[in-house]
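Q: Protein chains in written order, with our numbering: chain A, 11 to 77; chain B, 11 to 77; chain C, 11 to 77; chain D, 11 to 77; chain E, 11 to 77; chain F, 11 to 77.
These aren't lab readings, by the way, just hints derived from the structure by calculation.
Taking lysine to aspartate or glutamate pairs in the DMTMM-like style, the calculated list, with each CA pair at most 20 Å apart, reads:
| hint | chain 1 | residue 1 | chain 2 | residue 2 |
| --- | --- | --- | --- | --- |
| 1 | D | Lys75 | E | Glu40 |
| 2 | B | Lys75 | B | Glu65 |
| 3 | B | Lys36 | C | Glu40 |
| 4 | B | Lys72 | C | Glu46 |
| 5 | E | Lys36 | E | Glu46 |
Values in this document were obtained by computation on a predicted structure and should not be read as measured data.
Protein chains: 6
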Amino acid sequence: MPIIHVYVWKGFSNEAKKKAIAGITKLFAEIGVPAEAVEVIIHEVSKEDWGVGGEQASEKLKHIKPP
Amino acid sequence: MPIIHVYVWKGFSNEAKKKAIAGITKLFAEIGVPAEAVEVIIHEVSKEDWGVGGEQASEKLKHIKPP
Amino acid sequence: MPIIHVYVWKGFSNEAKKKAIAGITKLFAEIGVPAEAVEVIIHEVSKEDWGVGGEQASEKLKHIKPP
Amino acid sequence: MPIIHVYVWKGFSNEAKKKAIAGITKLFAEIGVPAEAVEVIIHEVSKEDWGVGGEQASEKLKHIKPP
Amino acid sequence: MPIIHVYVWKGFSNEAKKKAIAGITKLFAEIGVPAEAVEVIIHEVSKEDWGVGGEQASEKLKHIKPP
Amino acid sequence: MPIIHVYVWKGFSNEAKKKAIAGITKLFAEIGVPAEAVEVIIHEVSKEDWGVGGEQASEKLKHIKPP
Chain A
11 MPIIHVYVWK
21 GFSNEAKKKA
31 IAGITKLFAE
41 IGVPAEAVEV
51 IIHEVSKEDW
61 GVGGEQASEK
71 LKHIKPP
Chain B
11 MPIIHVYVWK
21 GFSNEAKKKA
31 IAGITKLFAE
41 IGVPAEAVEV
51 IIHEVSKEDW
61 GVGGEQASEK
71 LKHIKPP
Chain C
11 MPIIHVYVWK
21 GFSNEAKKKA
31 IAGITKLFAE
41 IGVPAEAVEV
51 IIHEVSKEDW
61 GVGGEQASEK
71 LKHIKPP
Chain D
11 MPIIHVYVWK
21 GFSNEAKKKA
31 IAGITKLFAE
41 IGVPAEAVEV
51 IIHEVSKEDW
61 GVGGEQASEK
71 LKHIKPP
Chain E
11 MPIIHVYVWK
21 GFSNEAKKKA
31 IAGITKLFAE
41 IGVPAEAVEV
51 IIHEVSKEDW
61 GVGGEQASEK
71 LKHIKPP
Chain F
11 MPIIHVYVWK
21 GFSNEAKKKA
31 IAGITKLFAE
41 IGVPAEAVEV
51 IIHEVSKEDW
61 GVGGEQASEK
71 LKHIKPP
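Chain A with its partners taken away, still in its complex shape:
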């Protein structure tokens, strides 16, 4: 423990993934969990498959790109 499932839009860069994995693990280590026990799983989800306020993010947030 802990296990962290992260859901982001498809297109999240490899650089961003590395930062997310390293940063979340460092954070839990600071909180008092051994870094080796931290598992982070990133799930990329198409903007077509992500609804916000009743619309697909691919429509509603058309111009926003994942980092």
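With chain A's structure known, arrange chains B, C, D, E and F on it following the hints.
A: Just chains B, C, D, E and F now, kept in the frame of chain A:
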């Protein structure tokens, strides 16, 4: 809140996705949650990866297609 | 299929749960899935355990109650 | 019930999936649940998207392959 | 890896939990994963919070108890 | 987006929750996501319900406490 994760078979059409996102959001708005606060995340899963009663849906439910 | 995991704040009323379960199932039946195949799982989460914009919902959204 | 979400590395073979689905279902049947009520959903996750101890599994566990 | 999230009805006995954890781990070890790498997380869900075919399991499956 | 589900052992302190929520949100803001768009959901799981290497954490890791 709320966050809704929807797991369906791969092949779920874009039309069906739009209806699911709009319909779930409308439902929660009727229940009393602001529509803007509703996030719906659709996860498409291959029928090979979905087991029912001990068998892959790709075998057991071979002739059924997602809408 | 489908399986729907719904995450709401603790305190979501039994009436709201019934409406969510019935409404989501009816929606998928209209989309073309047999109602009997729809499973909806509701997870109540304390506002202390739900972070929005970096703060616990119990602080940031102190005055908002679930329906 | 029950619903079982299994997260494995991408590349998990079809043979392994069949065994996981059949084996988990058999296990719950032995525990006392009707086999027909068991749903198993397998999610394949890239090793780039799976962090262990702060690093991507694609780096840290480069030489390990899923079965 | 793997990580397995198991959703069952509240009331699942401690004996059943032990069997589920031991049995799933043994299964993945047979498939070719080191037992030490298997994490199983059991989530107990009230029958009020579990919908089947549009109704709460607490209503529709009133007489069925978890093992 | 993003949505982050964090699974920890029951007993995770309120101080640790605040740090996890603030820290994960700050991290994604640094990666390039607006802080307001980050939702973090913490799920506390009993050590009886968490299996590691085939045993309940309540047995196998009896002396370890969550932070």
